[in-house]
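2 protein chains.
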Amino acid sequence: MDVLEAIYTRRSVRQYTDELVSREEILEIIKAGSWAPSGLNNQPWRFAIVRDGEKREALAGLTKYRHIVAAAPVSIAVFCDRAVMYNDTKDHQAIGACLQNMLLAAHALGLGAVWLGEILKSADEVRDLFGLPKELELMAVVAVGRPAAGAHPRPGRKPVAELIVGEF
Amino acid sequence: MDVLEAIYTRRSVRQYTDELVSREEILEIIKAGSWAPSGLNNQPWRFAIVRDGEKREALAGLTKYRHIVAAAPVSIAVFCDRAVMYNDTKDHQAIGACLQNMLLAAHALGLGAVWLGEILKSADEVRDLFGLPKELELMAVVAVGRPAAGAHPRPGRKPVAELIVGEF
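First to last, the sequence lines map onto chains A and B.
With my numbering, letter number 139 in the first sequence gets 139, and the count goes up by one each step, no holes.
With my numbering, letter number 109 in the second sequence gets 1109, and the count goes up by one each step, no holes.
Hints are not guaranteed to be accurate.
[Unchecked claim] In silico PhoX-like cross-links for lysine-lysine, where the CA-CA straight-line distance does not exceed 20 Å:
1) B:Lys1055 with B:Lys1121
2) B:Lys1121 with B:Lys1134
3) B:Lys1121 with B:Lys1064
4) A:Lys158 with B:Lys1031
5) A:Lys31 with B:Lys1064
6) A:Lys121 with A:Lys134
Hints were generated in silico from the structure; no laboratory data involved.
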C-alpha cells in the first residue's frame, strides 16, 4: 500500500471479525513501531502482547472501552522505559511516532487498529497486571484485529490552510 | 512508495542539494501530518513555513544544528496549540504521530527531512521570531530538502525480541 494512501485512508477500527492475527503480523507491527525516530536514538518503546483470554479480559476491565479490548484478538500495550528516557516531551513524541508507524503497518497488512489512550488512567494497574517494573510507563494500548464488515467512521480534519500560523 | 518500505528506509537527511522544494510538496507534507490521529480528534498541531533567507538564518541561529537549518530550502516549525490541548502526554504523542507522517510523506515524495528537537531549548525565541501567541508551544522543527548525493547514515535499531517485555 502506498504510504500517502495509507496515511489518508487509515482509520480507527474498533470492531473486528473473529479471525486471529498471526504472530508474524504482530511482530511486523512492533518492528514498524521500532523504526520510528527517537531523540539520541534512545528507542524508549517497549511492548507487551496480549492474546490470552484471561489477561485480555482483565486488561479490558481497566478501560471504559472494555468492549473494544475484549473484542480484539490482540492488544499491544506500549510502554516508555524511564530508564532510557531523557526528556519527557521528546520521549512522548517518539512514542507517538512509534504508535503511528504501528497503525500504518496494521493498515498496510489489511488489519484494523485503534490507539487507546483513555486506559492511561489505569497505568499502574496495567503494569501490575503484567508484573512489569515501575520504570515502564504505560503510553497507550493498540487493539488490533481484522476489520468487521460495515462502516469504520473517520473524523474529518481541519483544512491545511487553517493549520498554518505563519509563512516566511 | 510502499508504506512498510517507507518506514524501514526513511532516514534523517541533513544535507541537501540547492534545489527548491515546491509549495505543493510542503503542503502535502503538512497535510500528511494533519491526518495523524489525536485524542478527541483535537488536532493540536500548527505549522509555520520558513523559506525566507533572513528568517531562515535567524531560525538557524537558535539551534546548535545551525548548518542544517541554514542549508535546508525549507523548514517547518511545528507547534502544539495549548488552547485545544487536553492532556500533555497525549497531545505530545499526537504531535509525534504528526511528525512521523510528515517524515514519511517527505520520504515518499523523494525529499529528505530531519526532525530537530534540540531547538526546543529556544522555544520562546522561535515563537517571538515568528510573532506567534504564547499558546503555541514549539514541538519540533522539520528541515526539508532534496537529499544531497552521498551517505545519509541511519542508526540501527534494537532487535524486536529485546523490546517485548511480556507476552500473554
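Hints versus structure:
At most 20 Å may separate the alpha-carbon atoms for a hinted pair to count; B:Lys1055 and B:Lys1121 meet this at roughly 18 Å. The suggested pairing of B:Lys1121 with B:Lys1134 holds, with an alpha-carbon distance near 15 Å, which does not exceed 20 Å. A hinted pair counts as satisfied when its Cα atoms are at most 20 Å apart, and B:Lys1121 with B:Lys1064 qualifies at roughly 10 Å. Distance hint between A:Lys158 and B:Lys1031 is fulfilled; the C-alpha atoms sit about 10 Å from each other, no more than 20 Å.
Straight-line distance between C-alpha atoms of A:Lys31 and B:Lys1064 comes to about 32 Å, which puts the hinted pair past the 20 Å bound. Distance hint between A:Lys121 and A:Lys134 is fulfilled; the C-alpha atoms sit about 15 Å from each other, no more than 20 Å.
Violated hint: 5 only; the structure is consistent with all others.
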